[in-house]
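The residues making up each chain are set out below.
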Amino acid sequence: MGRQIYEAIADGILDGGVYALMAVGLTLIFGVLDIINIAQGILVVLGAYLSYVLSVHLHIDLFVGLLITVPAMFVIGVAIQWLFIRPLRGRDRASMSLLAAYAVALIIEGLLYRVFGPNYVVLTASYVTSSVHLFGFYLPDIYLYGFALAVACVAALYLLLYRTRFGRSVRATMQDQMAARLIGINVNRVAAVTFGIGVAVTAVGGMMFGATSGGFNPNSGYDLISRLLAIIILGGLGSIGGALAAAVFMTTAEALVDIWSPDWAVVVFYVALVLVLAIRPSGLFGRAPARAQ
Amino acid sequence: MRSNRARLLSLSAAAILAASVAAGCSSSSSGTGPNAKPPILIGASLSLTGDFSTDGQAYERGYDLWAHDVNASGGLLGRKVKLVILNDNSSPTQVDTNYTDLITVHHVDLTFGPFSSLLTAPAAEVAHRYGYAFVEGAGGAALVFSEKLPNVFDVSLPVANELDPLVDWIKSMPASQRPATAAYPMADDPFATPQVQRAQSQLEPLGIKTKYSKVFPEEVPDYAPNADLVAATGAQMVVLGSTDVPTVASFMKAFEQQHYNPKIFIAAAGPDQGGAFTSAVGTGNANGMMVPDAWYPGYPNASSQAMVKEYVAKYGGTASDVNADVAEAYSVGQVTAEAVKATGGTTGSKIISYLHSGVILASVQGPVKFNSLGENVKAIAFVFQWQDGKFVQVLPAAATGSVAIINPKPAWSG
Chain D
1 MGRQIYEAIA
11 DGILDGGVYA
21 LMAVGLTLIF
31 GVLDIINIAQ
41 GILVVLGAYL
51 SYVLSVHLHI
61 DLFVGLLITV
71 PAMFVIGVAI
81 QWLFIRPLRG
91 RDRASMSLLA
101 AYAVALIIEG
111 LLYRVFGPNY
121 VVLTASYVTS
131 SVHLFGFYLP
141 DIYLYGFALA
151 VACVAALYLL
161 LYRTRFGRSV
171 RATMQDQMAA
181 RLIGINVNRV
191 AAVTFGIGVA
201 VTAVGGMMFG
211 ATSGGFNPNS
221 GYDLISRLLA
231 IIILGGLGSI
241 GGALAAAVFM
251 TTAEALVDIW
261 SPDWAVVVFY
271 VALVLVLAIR
281 PSGLFGRAPA
291 RAQ
Chain Y
1001 MRSNRARLLS
1011 LSAAAILAAS
1021 VAAGCSSSSS
1031 GTGPNAKPPI
1041 LIGASLSLTG
1051 DFSTDGQAYE
1061 RGYDLWAHDV
1071 NASGGLLGRK
1081 VKLVILNDNS
1091 SPTQVDTNYT
1101 DLITVHHVDL
1111 TFGPFSSLLT
1121 APAAEVAHRY
1131 GYAFVEGAGG
1141 AALVFSEKLP
1151 NVFDVSLPVA
1161 NELDPLVDWI
1171 KSMPASQRPA
1181 TAAYPMADDP
1191 FATPQVQRAQ
1201 SQLEPLGIKT
1211 KYSKVFPEEV
1221 PDYAPNADLV
1231 AATGAQMVVL
1241 GSTDVPTVAS
1251 FMKAFEQQHY
1261 NPKIFIAAAG
1271 PDQGGAFTSA
1281 VGTGNANGMM
1291 VPDAWYPGYP
1301 NASSQAMVKE
1311 YVAKYGGTAS
1321 DVNADVAEAY
1331 SVGQVTAEAV
1341 KATGGTTGSK
1351 IISYLHSGVI
1361 LASVQGPVKF
1371 NSLGENVKAI
1381 AFVFQWQDGK
1391 FVQVLPAAAT
1401 GSVAIINPKP
1411 AWSG
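As given, the protein sequences belong to chains D and Y, one line each in that order.
Residue numbers for the first sequence follow the numbering used here, so the first one is 1 and each next one is one higher.
Residue numbers for the second sequence follow the numbering used here, so the first one is 1001 and each next one is one higher.
For reference, chain D alone in the conformation it holds in the complex (with noise of 0.2 Å):
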């Protein structure tokens, strides 16, 4: 039993670093523009094809094509952002985000089936299936490289934020949108570029959700979106390393509760969820009060 247990800590931790590559994005676009990007989910599917066209079609790597697929990401983001979520304006802005990010899920996913099908795909190399032999365990190359990226995307978006003037901008534009407009900041463009910079993390998601899945298909977000507005709902709102921490915490209790009760794995997350919301509403690392300002 304790060998389990230690192996399902390793495994939730590792697994938790792929879950914080998806939502990261999410959540870095919720801080900026106050929306939740419910297009999320397909745009994590829409980031593995980019990456099994590049693997399958041209025989790049799965790392390698991520040089391509991260910048054509951010283009899409841009582009969404441009044309779908900038034009809404009002005290209904908010909801009619929503739907505007519905369409463009519903927009993208219609599209992949046009184009790939309803057949599963994968994304193979031969990482993707070795592991290596550590403390008595075979962790996953994937996995492994899967966490170190997460860690790494987390630390670049902390950089890019706290370190940068664009940073300085868009923290401004997250406290008070208005105030930054009065100091000269060009919101709108600070927006773009935000949404840009969440759908390009995406992509990294989106390469690592296709290599350690059974398969995906164009209907594949569906059964991820829930699961990542969970997460960045119990790290925090906006909160970019919240959103590492709650992956992690959620990917760990599910793998130790599978132990006993696979039945139970998934619920004791949202159970987790709830009790911790009760207790700080603004998720563990969420910062209400500030924003609220």
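Note that these hints are calculated values from the structure, not bench results.
Just to be clear, a hint being listed does not mean it is correct.
Stretch by stretch, here's where chain D covers chain Y in the computed footprint (C-beta under 8 Å, at least three residues) [as the list claims (entries may be wrong)]:
(1) 1044–1052
(2) 1255–1264
(3) 1275–1284
(4) 1372–1379
Residues from chain D that keep clear of chain Y, each with C-beta distances beyond 10 Å, as calculated [as the list claims (entries may be wrong)]:
(5) V70
(6) A72
(7) W82
(8) R168
(9) I279
Cβ atoms here follow ideal geometry from the backbone N, Cα and C, with glycine treated the same way.
Since the structure of chain D is already known, use the hints to place chain Y on it.
Frame of chain D; chain Y shown alone:
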């Protein structure tokens, strides 16, 4: 700001719900050209999107192929057939709405079944309410027959018995050659769970020790933790209660990562999905994987072979790529057509009486004869195995068409 957030969250839930309904209402239809007599309208709800979309779209192809063939040979009772297919988004709630719409709005003459037992059960009740015969090919679980509806007719193999050939094969082995241990991970699904539990109850008395037997939710995005737990048991045989390709592929991937290769690995569903399976797991890793079913593309039946040939000509690929769902759907059409011809019309009560009469009908899956519950008592359970890129029948070993089984399963090889 806080109230805005709360509003956002509640709106997101509402938007998801509303959009799901909207997606479920989307429909597609296919039909034939204009004809002097009005066409016979046949309604079906299929999972063209959602969790069962691979199967649902394969079913659509099966129905389309059958309709095309029937119309090419003059139609039914001198009338062309026209399919009206609505998308249920793999939702048991939407399937209920769709069949109600098909009957009350589209006024279809006949209904064909949806994909999966989960959706067939509610759909059959709607058809029963309006007096329609409900011929289907993917509702073989006990859940479907438990209501004892007189209008349900499943042309395929009853699900609970699907793994019997595997049990019989192991029973036939000398005790020293039988697997000593087994693991039974199962998705919480009316198709997957009963057959695996039945196999477990039959294998345990043979001295095969159960090392793992747990039911996991079907909607789990990541099966790796479950698969790792199975791998840790080191069981010599794995009987996986899966419902689709990703579930099997996830377990296979995790097993390979854990350097665990069971001697026998059979999955309730997934390996039967032709190219959809091999493209997900790789031809090398598919080698030795087994699945129970009643049909395979090499099935020695003239109409089956003609259908496979037609399918490949229309959709491309090879015979091994043809999903068993296609044959199930095609069989639904064949059985219904025989009933319509025999009764001289599309009246539900007459078709129901005819199909309950004990008549033996022909289909691409073999003979069909219904018992009082609507189960096909003529369906024979087989076990199929991937062998060097080919999907072949291996059990029962003495059955016509069976080839030697690969045992133990070869090592993972990508």
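So, going through the hints one by one against the coordinates:
With a threshold of 8 Å between beta carbons, the proposed coverage of the region 1044–1052 of chain Y by chain D holds, since 4 of its residues qualify and at least three are required. Counting residues of the region 1255–1264 of chain Y whose CB lies closer than 8 Å to any CB of chain D gives 4, which reaches the minimum of 3, so the coverage claim holds. Check on the region 1275–1284 of chain Y: 6 of its residues sit with their Cβ under 8 Å from a Cβ of chain D, so the three-residue criterion for coverage holds. Residue count for the region 1372–1379 of chain Y with a Cβ under 8 Å from a Cβ of chain D: 0. That is fewer than the three needed, and the coverage hint is violated.
The Cβ of V70 of chain D lies farther than 10 Å from every Cβ of chain Y, with a closest approach of about 23 Å, so its non-interface assignment holds. Distance check for A72 of chain D against chain Y: the nearest CB is about 24 Å away, which clears 10 Å, and the non-interface claim stands. Its beta-carbon lying about 21 Å from the closest one in chain Y, W82 of chain D satisfies the requirement of being farther than 10 Å from that chain. Distance check on R168 of chain D: its Cβ is at least 21 Å (rounded) from any Cβ of chain Y, clearing the 10 Å threshold; non-interface status holds.
The Cβ of I279 of chain D lies farther than 10 Å from every Cβ of chain Y, with a closest approach of about 16 Å, so its non-interface assignment holds.
In summary, the one numbered hint that this structure violates is 4.
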